Amino acid sequence: MGLFTFRKKVKPIVYTIEECPKCGRKVKRKFKPGDYVYKEGEVCEKCNAKMLITMIYAETPT
Amino acid sequence: MMGWLGEIFPTGRATNDPLLSFMLFYLPIMFLIVYGQKIQMWMVLNEVGRALKKFKVMRDKARNEVIDHIKGFVRPDVDLTKKVDGFLEYFTISPVDLDPSGIIRKLDHLMFVKDERMERELELLAKDADKVQLSVMENLLEVASELNYIYKVVRHYYLLGKKMANLYILLQIQMLMPIILQEAEALMGAIDGIKAMQPLGDGIGPLVVGGFMVGKEKKRLAKDTVIAEDEIKGRRVIFMKAEGPAGNVGKPGKAIRRLIDEMKVKIKLIVMIDAALKLEGEKSGEVAEGIGAAIGGIGVDKYEIEEVATEYKIPLYAIVIKESIAEAISVLRSEIAKAKDKVIEAIYRLIDEKTSKGDVVLVVGVGNTLGIGQ
Ligand SMILES: [Zn+2]
Numbered sequence: 001m002g003l004f005t006f007r008k009k010v011k012p013i014v015y016t017i018e019e020c021p022k023c024g025r026k027v028k029r030k031f032k033p034g035d036y037v038y039k040e041g042e043v044c045e046k047c048n049a050k051m052l053i054t055m056i057y058a059e060t061p062t
Numbered sequence: 063m064m065g066w067l068g069e070i071f072p073t074g075r076a077t078n079d080p081l082l083s084f085m086l087f088y089l090p091i092m093f094l095i096v097y098g099q100k101i102q103m104w105m106v107l108n109e110v111g112r113a114l115k116k117f118k119v120m121r122d123k124a125r126n127e128v129i130d131h132i133k134g135f136v137r138p139d140v141d142l143t144k145k146v147d148g149f150l151e152y153f154t155i156s157p158v159d160l161d162p163s164g165i166i167r168k169l170d171h172l173m174f175v176k177d178e179r180m181e182r183e184l185e186l187l188a189k190d191a192d193k194v195q196l197s198v199m200e201n202l203l204e205v206a207s208e209l210n211y212i213y214k215v216v217r218h219y220y221l222l223g224k225k226m227a228n229l230y231i232l233l234q235i236q237m238l239m240p241i242i243l244q245e246a247e248a249l250m251g252a253i254d255g256i257k258a259m260q261p262l263g264d265g266i267g268p269l270v271v272g273g274f275m276v277g278k279e280k281k282r283l284a285k286d287t288v289i290a291e292d293e294i295k296g297r298r299v300i301f302m303k304a305e306g307p308a309g310n311v312g313k314p315g316k317a318i319r320r321l322i323d324e325m326k327v328k329i330k331l332i333v334m335i336d337a338a339l340k341l342e343g344e345k346s347g348e349v350a351e352g353i354g355a356a357i358g359g360i361g362v363d364k365y366e367i368e369e370v371a372t373e374y375k376i377p378l379y380a381i382v383i384k385e386s387i388a389e390a391i392s393v394l395r396s397e398i399a400k401a402k403d404k405v406i407e408a409i410y411r412l413i414d415e416k417t418s419k420g421d422v423v424l425v426v427g428v429g430n431t432l433g434i435g436q
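Chains as they are written, first to last, in the working numbering: chain A, 1 to 62; chain B, 63 to 436.
Since the hints were derived computationally from the structure, they do not count as laboratory data. Note that the coordinates shown come from a computational prediction; the quantities given were computed from them, not determined experimentally. All C-beta atoms, glycine included, are put in the ideal place defined by N, C-alpha and C. A few of these clues could be false.
As the list claims (entries may be wrong) - If you anchor each label on the Cβ, the simulated ranges turn out as follows:
id, chain 1, residue 1, chain 2, residue 2, range
1, B, Glu-348, A, Gly-34, 30 to 40 Å
2, A, Lys-22, B, Arg-179, 43 to 53 Å
3, B, Asp-130, A, Glu-42, 23 to 33 Å
4, B, Gly-358, A, Lys-50, 27 to 37 Å
5, B, Met-105, A, Glu-42, 55 to 65 Å
6, B, Asp-130, A, Gly-34, 44 to 54 Å
7, B, Met-105, A, Glu-40, 54 to 64 Å
8, B, Asp-254, A, Lys-22, 30 to 40 Å
9, B, Arg-179, A, Lys-46, 31 to 41 Å
10, B, Met-325, A, Lys-26, 44 to 54 Å
11, A, Lys-50, B, Asp-130, 28 to 38 Å
12, A, Lys-32, B, Pro-240, 33 to 43 Å
13, A, Pro-21, B, Val-158, 51 to 61 Å
14, A, Lys-50, B, Asp-159, 49 to 59 Å
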């Protein structure tokens with residue numbers, strides 16, 4: 001909020017990070033309603049294990 | 063010397079017409095001396111009035127969002143608007159502090175009654191909602207009533223200053239306006255995240271601790287507060303957080319008291335992880351370590367934790383993650399999310415340095431656990 005700069009309001013995008021407990025693969029995707037951290041995620045493409053949501057965060061697109 | 067000053071303060075030599083110089087130079091000065099304050103007052107009144115309108119818009123928007131959100135769970139014949147307006151006006155009378163001994167007990171009781179009342183009434187109102195949904199409504203109501211309060215206080219000073227034609231009352235509220243506005247905007251920003259049940263910045267503590275609890279057996283020790291155990295480097299480590307993914311903060315004070323007093327667990331070290339307010343200039347997501355009970359709120363839990371830690375001589379270590387008020391109540395930012403690994407590292411290090419094999423360590427994640435399971 002500078003004195004002479006105008007703040008452009010960019011809406012941050014919320015992402016969900018899923019991690020595979022077996023192979024450690026990380027997937028970053030957009031947040032879906034119903035997601036919460038430490039909820040079981042989708043099946044890992046590589047090893048068919050259930051992935052775990054390990055993080056949900058907002059990021060302002062640049 | 064008189065060159066340029068002469069133009070500003072004409073001595074009569076500059077112009078031959080005394081009437082003209084009087085009108086041009088002395089009349090405005092006299093006018094400003096007499097009416098200056100009135101003009102200033104008018105300007106301040108205008109500015110505060112504009113801000114007040116902004117606050118009203120925010121309050122109304124928050125109120126409508128709450129009504130909209132609850133509507134889906136309520137029978138159509140209920141007058142929801144009236145009900146929500148009632149909720150927004152709920153107040154809590156703080157206990158007398160003339161004789162402060164024992165005031166925590168009273169505060170604790172008051173908070174209990176306050177929470178119970180809100181929960182029961184919401185339950186009755188929205189019969190179809192589950193626990194998580196109810197907690198979302200509670201969080202939204204809290205935001206809306208905070209905005210309602212801000213609006214009403216600003217309006218109070220605005221009207222008071224206007225009625226008494228008192229510039230100094232208006233100046234005070236005008237000076238505070240940027241800070242109040244920032245807070246109100248932060249509250250507005252929190253609404254979307256709460257509705258979508260996304261983790262808040264305040265939830266970074268429970269988020270870190272919840273990771274250790276995944277797949278372990280959970281035990282509930284106090285209202286909305288759960289623990290799980292694991293073994294780390296030969297130590298028995300108990301992890302505690304509010305029960306997610308509902309928007310709870312739990313009762314860590316009561317839970318720790320129970321763990322130590324009732325369940326007789328001999329704890330060697332307590333590590334508390336919480337979001338802390340950063341100062342302007344500090345970076346968001348910075349991790350700092352210290353000692354003491356890292357917990358905010360009204361002070362009831364902090365008191366209880368300090369009491370029990372002192373009684374049993376348990377060292378209290380704190381790991382805090384720096385963030386602004388706005389960041390704490392809106393969706394977890396990526397800068398703050400990055401602190402997760404650093405905090406985990408710090409936990410391992412503290413356990414390693416401060417305890418030895420066979421000890422019991424308690425790690426508490428403090429904060430709102432909305433959108434964070436375990
Ligand atoms: Zn995998």
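Here's how the hints hold up against the structure:
Look at B/Glu-348 against A/Gly-34: about 32 Å separates their beta carbons, and that is inside 30 to 40 Å. Restraint check, A/Lys-22 to B/Arg-179: a C-beta distance of roughly 48 Å satisfies the suggested window 43 to 53 Å. Under the hint 23 to 33 Å, the C-beta atoms of B/Asp-130 and A/Glu-42, about 31 Å apart, fit the expected range. Checking the proposed 27 to 37 Å range against B/Gly-358 and A/Lys-50 shows it holds: the Cβ atoms sit about 36 Å from each other.
Here the CB-CB span from B/Met-105 to A/Glu-42 is close to 59 Å, well matched to the stated 55 to 65 Å. At about 19 Å, the beta-carbon gap between B/Asp-130 and A/Gly-34 misses the expected band of 44 to 54 Å. In this structure the supplied range 54 to 64 Å holds for B/Met-105 paired with A/Glu-40, their Cβ-Cβ distance being about 59 Å. Restraint check, B/Asp-254 to A/Lys-22: a C-beta distance of roughly 35 Å satisfies the suggested window 30 to 40 Å.
Checked against the hint of 31 to 41 Å, the pair B/Arg-179 and A/Lys-46 fails, with Cβ atoms roughly 51 Å apart. The hinted range of 44 to 54 Å is not satisfied by B/Met-325 and A/Lys-26, whose Cβ atoms lie roughly 38 Å apart. In this structure the hint that A/Lys-50 and B/Asp-130 lie 28 to 38 Å apart at CB holds, the actual value being about 35 Å. Between A/Lys-32 and B/Pro-240 the beta carbons are some 37 Å apart, a value that agrees with the proposed interval 33 to 43 Å.
A/Pro-21 and B/Val-158 have their C-beta atoms about 54 Å apart, which keeps the hinted 51 to 61 Å range intact. Between A/Lys-50 and B/Asp-159 the CB atoms are about 53 Å apart, so this pair conforms to the stated range of 49 to 59 Å.
Consistency note: the structure conflicts with the earlier hints numbered 6, 9 and 10.
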